[in-house]
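J.: As a plain string of letters, each chain reads:
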Amino acid sequence: MQNKYIFNLFFLIGILLTLPAQAQKRHTISGTVRDGATGETLIGASVRIQGNAGQSVTITNSYGFYSLTQPDGEYDLVVTYTGYQTYTKKVSLAASSTINIELTAGSELQEVVISASDRKNENVRSPQMGLDKLNMKDLDNVPVIFGEKDVLKTIQLLPGVKSGGEGTTGFFVRGGAADQNLILLDEATVYNSSHLLGFFSTFNADAIKDVSLYKGGMPSQYGGRLSSVLDVKMQDGNNKEFGFEGGIGLIASRIKAEGPLVKNRGSFMFSARRTYIDLLLQASPDSAVKGNKLNFYDINAKLNYKFDDKNTIYLSGYFGRDNIGIKNLFENNWGNTTATIRLNHVFNSRLFSNTSFIYNKYNYAVSLLDEDNNINVTSLIRDFNLKQDFQYFSDKHILRFGFQGTHHRIAPSDITTSGKSSFNPLTIENRYGIETALYLSDEWKVSDQLHFLYGARLSGFSLLGPGTFDTYNAEGEVTSSKTYNSGQFVKSYFYLEPRFSASYSLNDENSIKASYNRNTQNIHILSNANTSSPTDQYVMSSNNIKPEIGDQVAMGYFKNAKDNTFEFSAEVYYKWLQNQIEYKNGAELIANANVESELLYGTGRAYGLELYAKKTKGRLTGWISYTLSRTERKFDELNGGNYFAARQDRTHDVALVGIFNLNKRWSFSANYIYNTGNAVTYPAGKYNLGGLTTYYYTERNANRMPHTTRLDISATLKGKETKKFKSSWSFSLYNALNRHNPYAIQFRDKKDDPSRTEAVQIALFGIIPSVTWNFKF
Amino acid sequence: MAGSGLLFTSCEKVIDVDIKEPPNQLVIEGNITDVSGTQTIKLSQSVPYTDTNIYPPVSGAVVTVSDDTGNTWTFTETEPGQYTFGPLQGVAGRKYTMTVTLDNKTYTATSIMPQAVPVDSLSITKISFGSTEIKTVAVHYTDPAGIANQYRYVMRINGVLTKRIYASNDRLQDGKPIKEQLFYGRDDDNKELESGDVVEVEMQGIDMPVFKYWFTLSQQTQRGPGGGVTPGNPPSNISGGVLGYFSAHTTQIESITVD
Numbered sequence: 000m001q002n003k004y005i006f007n008l009f010f011l012i013g014i015l016l017t018l019p020a021q022a023q024k025r026h027t028i029s030g031t032v033r034d035g036a037t038g039e040t041l042i043g044a045s046v047r048i049q050g051n052a053g054q055s056v057t058i059t060n061s062y063g064f065y066s067l068t069q070p071d072g073e074y075d076l077v078v079t080y081t082g083y084q085t086y087t088k089k090v091s092l093a094a095s096s097t098i099n100i101e102l103t104a105g106s107e108l109q110e111v112v113i114s115a116s117d118r119k120n121e122n123v124r125s126p127q128m129g130l131d132k133l134n135m136k137d138l139d140n141v142p143v144i145f146g147e148k149d150v151l152k153t154i155q156l157l158p159g160v161k162s163g164g165e166g167t168t169g170f171f172v173r174g175g176a177a178d179q180n181l182i183l184l185d186e187a188t189v190y191n192s193s194h195l196l197g198f199f200s201t202f203n204a205d206a207i208k209d210v211s212l213y214k215g216g217m218p219s220q221y222g223g224r225l226s227s228v229l230d231v232k233m234q235d236g237n238n239k240e241f242g243f244e245g246g247i248g249l250i251a252s253r254i255k256a257e258g259p260l261v262k263n264r265g266s267f268m269f270s271a272r273r274t275y276i277d278l279l280l281q282a283s284p285d286s287a288v289k290g291n292k293l294n295f296y297d298i299n300a301k302l303n304y305k306f307d308d309k310n311t312i313y314l315s316g317y318f319g320r321d322n323i324g325i326k327n328l329f330e331n332n333w334g335n336t337t338a339t340i341r342l343n344h345v346f347n348s349r350l351f352s353n354t355s356f357i358y359n360k361y362n363y364a365v366s367l368l369d370e371d372n373n374i375n376v377t378s379l380i381r382d383f384n385l386k387q388d389f390q391y392f393s394d395k396h397i398l399r400f401g402f403q404g405t406h407h408r409i410a411p412s413d414i415t416t417s418g419k420s421s422f423n424p425l426t427i428e429n430r431y432g433i434e435t436a437l438y439l440s441d442e443w444k445v446s447d448q449l450h451f452l453y454g455a456r457l458s459g460f461s462l463l464g465p466g467t468f469d470t471y472n473a474e475g476e477v478t479s480s481k482t483y484n485s486g487q488f489v490k491s492y493f494y495l496e497p498r499f500s501a502s503y504s505l506n507d508e509n510s511i512k513a514s515y516n517r518n519t520q521n522i523h524i525l526s527n528a529n530t531s532s533p534t535d536q537y538v539m540s541s542n543n544i545k546p547e548i549g550d551q552v553a554m555g556y557f558k559n560a561k562d563n564t565f566e567f568s569a570e571v572y573y574k575w576l577q578n579q580i581e582y583k584n585g586a587e588l589i590a591n592a593n594v595e596s597e598l599l600y601g602t603g604r605a606y607g608l609e610l611y612a613k614k615t616k617g618r619l620t621g622w623i624s625y626t627l628s629r630t631e632r633k634f635d636e637l638n639g640g641n642y643f644a645a646r647q648d649r650t651h652d653v654a655l656v657g658i659f660n661l662n663k664r665w666s667f668s669a670n671y672i673y674n675t676g677n678a679v680t681y682p683a684g685k686y687n688l689g690g691l692t693t694y695y696y697t698e699r700n701a702n703r704m705p706h707t708t709r710l711d712i713s714a715t716l717k718g719k720e721t722k723k724f725k726s727s728w729s730f731s732l733y734n735a736l737n738r739h740n741p742y743a744i745q746f747r748d749k750k751d752d753p754s755r756t757e758a759v760q761i762a763l764f765g766i767i768p769s770v771t772w773n774f775k776f
Numbered sequence: 000m001a002g003s004g005l006l007f008t009s010c011e012k013v014i015d016v017d018i019k020e021p022p023n024q025l026v027i028e029g030n031i032t033d034v035s036g037t038q039t040i041k042l043s044q045s046v047p048y049t050d051t052n053i054y055p056p057v058s059g060a061v062v063t064v065s066d067d068t069g070n071t072w073t074f075t076e077t078e079p080g081q082y083t084f085g086p087l088q089g090v091a092g093r094k095y096t097m098t099v100t101l102d103n104k105t106y107t108a109t110s111i112m113p114q115a116v117p118v119d120s121l122s123i124t125k126i127s128f129g130s131t132e133i134k135t136v137a138v139h140y141t142d143p144a145g146i147a148n149q150y151r152y153v154m155r156i157n158g159v160l161t162k163r164i165y166a167s168n169d170r171l172q173d174g175k176p177i178k179e180q181l182f183y184g185r186d187d188d189n190k191e192l193e194s195g196d197v198v199e200v201e202m203q204g205i206d207m208p209v210f211k212y213w214f215t216l217s218q219q220t221q222r223g224p225g226g227g228v229t230p231g232n233p234p235s236n237i238s239g240g241v242l243g244y245f246s247a248h249t250t251q252i253e254s255i256t257v258d
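Sequence order for the protein chains is S and A. Counting from 0, one number per residue, gives the positions in the first sequence under numbering that gives the first Met the number 0. Counting from 0, one number per residue, gives the positions in the second sequence under numbering that gives the first Met the number 0.
The shape of chain S in the complex, shown without the other chains (with noise of 0.2 Å):
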């Protein structure tokens, strides 16, 4: 079955790199774009030949590199960026060659332009759908708490993508659970996003180049998550000359380096954070206060090394920590470790490819310091990567195929005490597990209508011994035990996953599109409450889970207006997930062994409507996004079996956002939210236990919480700028009107009439003020 699929893949790449063979007289141009300041390569950059014979345009991949194909002749080249003057160039093609181009950024005024579709029109015309690219200009000016720019909450402002609310981690897309995205940062896994509980993600703005979130119509390179896909990228760093920038705010600070190893050949990004709320707590003359921690630092670091024009080596990681610690009571630490080694090569003009080894890690250790309570638990989740991925250029096709292997460790808990700990120490076995995955994708531009991109992923899952597997019943016992050597497979899964979208231009500037994918998972993340926390457990597809399979239709109709300045979107969408996982009420989850005796299967559905329109010139930019949504759950134990909202469920979602140049020096944004409450279970009736209030439950998520709307605002005051320094103040106000949003309902016995209960709602912010100075020299 398996080996039928892999030939068949094969069979049709090898008769598709065939194809362009036949053709006759054709030439290909083919090379990098870059800044021309800093040598960054630019991704997503046009490139247009036309000329007599023909013309062509495709746009940079994520390696800056285009490849044009055309019957000989003379052609006009064309390379255009946002932000940066257009390069022309007069081309003869009688026999391939490359182009490297460089590309002068814009004028003094330059204009605020917050479209990434750097091709004109290209989201309307691109078979793409879902797909939501975040410019990182754009950050700099959207108002986010405590002024530290950030790439999550930025997203959040989209349409299709929901916050789990203030003070939790994680987002939800189009009605998946938080684990249900693929979070990547130069390719490796990032399974933690969040700093400090959700207040800050792990991506330092400072050392990000691209962003790119897919909520649907995924490309079948990507894979192993129902949800989403956010890929992103960190920048190279300058090869052309050093620079130091950097942000001194009131909660954190960062610092970011980068300059040429070789010049133009080569160089390193250096970006560091870190927050100091608890160096404060160290000055304070109380010695209660003094011990404790509250803090957060990340490390992202690149280095790169073109040896030729065929030849790259891309070297990047990323480390990252938070701690959080009462004195004498407790200390919970954790992180990601990232390491990414890339290599680029251009095989011919027409035929990329790029091999990455990837590395990636993230643990957590909680520790109660009580001297006869002390204990320590530690648990991690370890993968190694191996990616091919080649590139193939022909005229109306890009074919896109490769294969990837992953080899993933969980070590569940790990637990040790000392002294007269009441604990005893305690290892929950490793699990062993391999992905694979070979895929092929097509974009073919079949007309200058009609696009496809269509392709298949094939993937599988492994389960691999050491250790003793027990199989559970419903009831959560155990009906078989098996024990397995090292390597030894306990169970595989093998899923065929297609991947389909459409776009059909009615004109220029208006397209209709369609997409249909399928998605399995095979990491699950298992957590106690409806929050996610840095102690959630992670475990693989076994005998016990089933894969998690997601599949999404979706529909949409894109228009630009007034020569891009407008982009409008609307998108329907309907999705079936099965094997979704939830726990039995009062399941123990840390540190137990037979964790798997404690879970329920069902199923879900979620369908909405999402509404974008986006003005993207001018001195008032932004975006308004509406979603309209359902998210529900169903599970034979849970509700009496019916369907239920899932936490997430949120009908309304809106978001909007403006950004005001005023001048020069002065720039504004705000942004405005409101949201429909979570669903949540409130107490339909109450009874007495002992003579406790307690409550008593019918409906699951029957109830919502009252709505979360807040205003932020921020103001941007740019210094004087010599040729060597720059620098800007940032003021912003969170929550700008100090609304109480809801964080949780509780209910309880009224203080002053105990005869009677009340429902409490707790909030956890006012209005947050803060500042930040940035630099750059």
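Bear in mind the hints are in silico, worked out from the structure with no lab data behind them. Any given hint could be a false lead.
Some chain S residues well away from chain A (every beta-carbon gap over 12 Å; in silico) [stated by the list, open to error]:
| # | residue |
| --- | --- |
| 1 | Lys88 |
| 2 | Glu121 |
| 3 | Leu260 |
| 4 | Gly401 |
| 5 | Phe422 |
| 6 | Leu425 |
| 7 | Gln448 |
| 8 | Gly464 |
| 9 | Pro465 |
| 10 | Pro497 |
| 11 | Tyr503 |
| 12 | Tyr582 |
| 13 | Ala586 |
| 14 | Arg646 |
| 15 | Lys719 |
| 16 | Ser727 |
Restricting the straight-line Cα-Cα distance to at most 27 Å, the calculated cross-link-like pairs of lysine-lysine (DSS-like) are [to be verified]:
| # | chain 1 | residue 1 | chain 2 | residue 2 |
| --- | --- | --- | --- | --- |
| 17 | A | Lys125 | A | Lys175 |
| 18 | S | Lys386 | S | Lys545 |
| 19 | S | Lys292 | S | Lys239 |
| 20 | S | Lys750 | A | Lys104 |
| 21 | S | Lys749 | A | Lys19 |
| 22 | S | Lys490 | S | Lys360 |
| 23 | S | Lys545 | S | Lys616 |
| 24 | S | Lys749 | A | Lys134 |
| 25 | S | Lys750 | A | Lys178 |
| 26 | S | Lys749 | A | Lys175 |
| 27 | S | Lys292 | A | Lys19 |
| 28 | S | Lys583 | A | Lys134 |
| 29 | A | Lys162 | S | Lys749 |
| 30 | S | Lys419 | A | Lys175 |
| 31 | A | Lys134 | S | Lys326 |
| 32 | A | Lys12 | S | Lys419 |
| 33 | S | Lys719 | S | Lys490 |
| 34 | S | Lys326 | A | Lys178 |
| 35 | A | Lys19 | S | Lys326 |
| 36 | A | Lys134 | S | Lys292 |
| 37 | A | Lys19 | S | Lys583 |
| 38 | A | Lys12 | S | Lys750 |
| 39 | S | Lys419 | A | Lys178 |
| 40 | A | Lys175 | S | Lys633 |
By construction, the Cβ of each residue, glycine as well, lies at the ideal position given by its N, Cα and C atoms.
Knowing the structure of chain S, use the given hints to seat chain A on it.
T.: Chain A alone, transformed into the frame defined by chain S:
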């Protein structure tokens, strides 16, 4: 997370909630203890959330308890909704079966009384939390090795029942000397512990189903809807679709005065 308390000051507001009124449900609360005396099984009804906390007793039921050695005791209704038998002393290791018949419906439950684990002592621990000092009561005992034990603690401060539910097991602490700290605070509608307060702690040895019942409840009371686990009715060990539990447990009460 305790750490978040350092950074965020939460703010409370009483809100109106719109709740569908369900029909009243039968609640059975059955306890058999290892202390010789009157054993009580209570029958009452739940009321809609919006009503006052007055729970109608349920009269006219036939209530019996039997054990696995052939004894059967018929309880009599001594007060409305209170069915008692005494003196009766539960014996460790025995399986007790409660049968309640009401309006031609029968509800049954079984519970095994565990071996008693004696409480050594209570102590007061002082914990610095920021610049404030919090006092907590701890229960000391030695968990018997090699068998699964579950415990429930009921705490009264100056005679007033605290509103937090405490349940623990020896899953990670088998055979160890235990110092079980009974954390509680303002969230539980109680004042903090002060010098001179008299704290009374009852430790119960409970079986696994009863532990699941109390443990589920204890998880839900931490932070209502939105902030904690999705609340639901705890898994009852009584068949027939009622609220409540039947628990054959050991019990020991100790008290301490806060210094």
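J.: Determine for every hint whether it applies to the structure shown.
T.: Hint-by-hint comparison with the structure:
Interface exclusion of Lys88/S from chain A stands, the closest Cβ pair being 56 Å apart, more than 12 Å. The Cβ of Glu121/S lies farther than 12 Å from every Cβ of chain A, with a closest approach of about 41 Å, so its non-interface assignment holds. Separation of Leu260/S from chain A is adequate, the least Cβ-Cβ distance of about 41 Å exceeding the 12 Å criterion. No beta-carbon of chain A comes within 12 Å of the beta-carbon of Gly401/S; the shortest separation is about 41 Å.
Once the 12 Å rule is applied to beta carbons, Phe422/S is inconsistent with being away from chain A; the minimum gap is 5 Å. Annotated as non-interface, Leu425/S brings its C-beta within 12 Å of a C-beta of chain A; the closest such distance is 6 Å. Every beta carbon of chain A lies more than 12 Å from that of Gln448/S, the smallest distance being close to 49 Å; the non-interface claim holds. Distance check for Gly464/S against chain A: the nearest CB is about 25 Å away, which clears 12 Å, and the non-interface claim stands.
For Pro465/S, the shortest C-beta to C-beta distance to chain A comes to about 24 Å, beyond the 12 Å cut-off, and the non-interface label holds. Residue placement check: Pro497/S keeps its beta carbon more than 12 Å from all beta carbons of chain A (closest about 34 Å). Once the 12 Å rule is applied to beta carbons, Tyr503/S is consistent with being away from chain A; the minimum gap is 44 Å. Annotated as non-interface, Tyr582/S brings its C-beta within 12 Å of a C-beta of chain A; the closest such distance is 9 Å.
Residue-level check failed: Ala586/S sits 9 Å from the nearest beta carbon of chain A, not beyond 12 Å. A beta-carbon of chain A comes within 12 Å of the beta-carbon of Arg646/S; the shortest separation is about 7 Å. For Lys719/S, the non-interface assignment is confirmed: its Cβ lies about 36 Å from the closest Cβ of chain A, beyond the 12 Å cut-off. Non-interface status of Ser727/S relative to chain A is upheld: no Cβ of that chain comes within 12 Å, the nearest being about 27 Å off.
A threshold of 27 Å between alpha carbons decides the hint, and for Lys125/A with Lys175/A the separation of about 23 Å falls inside it, so the pair holds. A C-alpha spacing of about 25 Å is found between Lys386/S and Lys545/S, which places the hinted pair at or below 27 Å, so the restraint holds. Between the alpha carbons of Lys292/S and Lys239/S the distance comes to roughly 41 Å, so the proposed pair goes past 27 Å and is violated. At most 27 Å may separate the alpha-carbon atoms for a hinted pair to count; Lys750/S and Lys104/A exceed this at roughly 39 Å.
For the hint pairing Lys749/S with Lys19/A, the CA-to-CA distance comes to about 20 Å; that is within 27 Å, so the pair holds. Pair hint Lys490/S plus Lys360/S holds up; C-alpha atoms about 24 Å apart against a cutoff of 27 Å. Simply put, Lys545/S and Lys616/S have alpha-carbon atoms about 48 Å apart, too far for the 27 Å limit, and the pair is violated. Between Lys749/S and Lys134/A the alpha-carbon distance is near 25 Å, which keeps this suggested pair within the 27 Å criterion.
Note on Lys750/S and Lys178/A: the hinted pairing is violated, with a Cα-Cα distance of about 32 Å set against a maximum of 27 Å. A hinted pair counts as satisfied when its Cα atoms are at most 27 Å apart, and Lys749/S with Lys175/A does not qualify at roughly 40 Å. Between Lys292/S and Lys19/A the CA atoms are separated by roughly 45 Å; this puts the pair beyond 27 Å, and the hint is violated. Among the hinted pairs, Lys583/S with Lys134/A is inconsistent with the structure: their alpha-carbon atoms are about 34 Å apart, more than 27 Å.
Pair hint Lys162/A plus Lys749/S holds up; C-alpha atoms about 13 Å apart against a cutoff of 27 Å. Taking the CA atoms of Lys419/S and Lys175/A, the gap is near 9 Å; set against the 27 Å cutoff, the hint holds. Proximity of Lys134/A to Lys326/S is assessed by CA-CA distance (about 16 Å); at most 27 Å being required, the pair is judged to hold. For the given pair, Lys12/A sits about 44 Å from Lys419/S by alpha-carbon distance, which is inconsistent with the 27 Å threshold.
Using a Cα cut-off of 27 Å, the hinted pair Lys719/S and Lys490/S is violated, with the two alpha carbons roughly 64 Å apart. Between Lys326/S and Lys178/A the CA atoms are separated by roughly 19 Å; this keeps the pair inside 27 Å, and the hint holds. Among the hinted pairs, Lys19/A with Lys326/S is inconsistent with the structure: their alpha-carbon atoms are about 46 Å apart, more than 27 Å. Restraint check for Lys134/A and Lys292/S: satisfied, since their Cα atoms lie roughly 22 Å apart, inside the 27 Å limit.
Only pairs whose Cα atoms come within 27 Å are accepted, and Lys19/A paired with Lys583/S is accepted, the gap being roughly 25 Å. Among the hinted pairs, Lys12/A with Lys750/S is consistent with the structure: their alpha-carbon atoms are about 13 Å apart, no more than 27 Å. The straight-line distance between the Cα atoms of Lys419/S and Lys178/A is roughly 11 Å, inside the 27 Å bound, and the hint therefore holds. Between Lys175/A and Lys633/S the CA atoms are separated by roughly 42 Å; this puts the pair beyond 27 Å, and the hint is violated.
In terms of the numbered hints stated before, the structure departs from hints 5, 6, 12, 13, 14, 19, 20, 23, 25, 26, 27, 28, 32, 33, 35, 40, listed from lowest to highest.
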